[in-house]
Amino acid sequence: DAKTTQPPSMDCAEGRAANLPCNHSTISGNEYVYWYRQIHSQGPQYIIHGLKNNETNEMASLIITEDRKSSTLILPHATLRDTAVYYCIVRVGNNAGNMLTFGGGTRLMVKP
Amino acid sequence: GAVVSQHPSWVICKSGTSVKIECRSLDFQATTMFWYRQFPKQSLMLMATSNEGSKATYEQGVEKDKFLINHASLTLSTLTVTSAHPEDSSFYICSARDNRYDQPQHFGDGTRLSIL
Numbered sequence: 001d002a003k004t005t006q007p008p009s010m011d012c013a014e015g016r017a018a019n020l021p022c023n024h025s026t027i028s029g030n031e032y033v034y035w036y037r038q039i040h041s042q043g044p045q046y047i048i049h050g051l052k053n054n055e056t057n058e059m060a061s062l063i064i065t066e067d068r069k070s071s072t073l074i075l076p077h078a079t080l081r082d083t084a085v086y087y088c089i090v091r092v093g094n095n096a097g098n099m100l101t102f103g104g105g106t107r108l109m110v111k112p
Numbered sequence: 001g002a003v004v005s006q007h008p009s010w011v012i013c014k015s016g017t018s019v020k021i022e023c024r025s026l027d028f029q030a031t032t033m034f035w036y037r038q039f040p041k042q043s044l045m046l047m048a049t050s051n052e053g054s055k056a057t058y059e060q061g062v063e064k065d066k067f068l069i070n071h072a073s074l075t076l077s078t079l080t081v082t083s084a085h086p087e088d089s090s091f092y093i094c095s096a097r098d099n100r101y102d103q104p105q106h107f108g109d110g111t112r113l114s115i116l
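So the sequences go chain by chain: A and B. Each residue of the first sequence is one higher than the one before, counting from 1 in this note's numbering. Each residue of the second sequence is one higher than the one before, counting from 1 in this note's numbering.
Since the hints were derived computationally from the structure, they do not count as laboratory data. Careful: at least some of the hints might be erroneous.
[Claimed, not checked] Simulated pairs of lysine-lysine, DSS-like, Cα-Cα distance not exceeding 25 Å:
1) Lys-41/B with Lys-3/A
2) Lys-55/B with Lys-14/B
3) Lys-41/B with Lys-111/A
With the hints as constraints, model all of the structure from the sequences given.
Given below as structure tokens:
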């Protein structure tokens with residue numbers, strides 16, 4: 001699976017949009033971009049995933065560049081409860097047998 | 001949405017005892033489940049891949065005789081830490097993926113294991 005690079009930490013003001021970048025310059029054509037987050041002492045929570053088109057759900061938006069070498073996770077109105085470590089993971093296909101490889105992630109701190 | 005239940009959420013036991021952790025997919029079937037371990041201030045590390053009806057696949061450096069995995073049904077996988085020692089103290093997390101097409105993996109809330 002392609003390696004991802006994320007900033008180790010970011011701050012965001014409560015109520016503002018949080019934009020979390022991820023570089024995956026070696027991504028292959030059949031690899032998806034997944035985002036998970038882990039709130040302290042809990043298991044990771046699925047947020048969103050995409051292949052090449054931008055995606056939006058009730059939690060966030062995922063913007064993937066046209067060359068697919070980077071992406072941005074957008075939390076439109078960050079709240080204190082969004083404070084967590086956010087992981088960007090690139091993985092081949094949708095095969096149920098493919099495990100997720102976690103990197104260091106970005107520690108997002110939402111401040112009042 | 002999809003729910004993965006992990007039990008117990010925390011356990012404290014004496015060195016030398018064995019501890020069993022259960023991972024259940026509550027509203028979907030999962031042929032494959034995964035077991036991760038996370039030490040403080042570190043990321044999740046995959047320990048093994050659990051396949052229903054067959055032997056688990058272990059990552060390099062993980063002792064299969066120490067971390068016994070059983071995946072007897074499409075909704076249940078168990079991890080048994082045998083003869084646990086203080087260095088096995090960690091946060092153990094399972095995940096499962098819905099067998100249906102294009103579904104993400106979902107994680108349990110983890111089990112915090114402390115060996116005295």
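Hint check:
1. Lys-41/B with Lys-3/A: 20 Å, holds
2. Lys-55/B with Lys-14/B: Violated. Lys-55/B to Lys-14/B sits at ~29 Å, over the 25 Å cutoff.
3. Lys-41/B with Lys-111/A: Measuring from Cα to Cα gives roughly 21 Å; hence the hint holds.
The structure fails to meet hint 2 from the earlier list, while all remaining hints are met.
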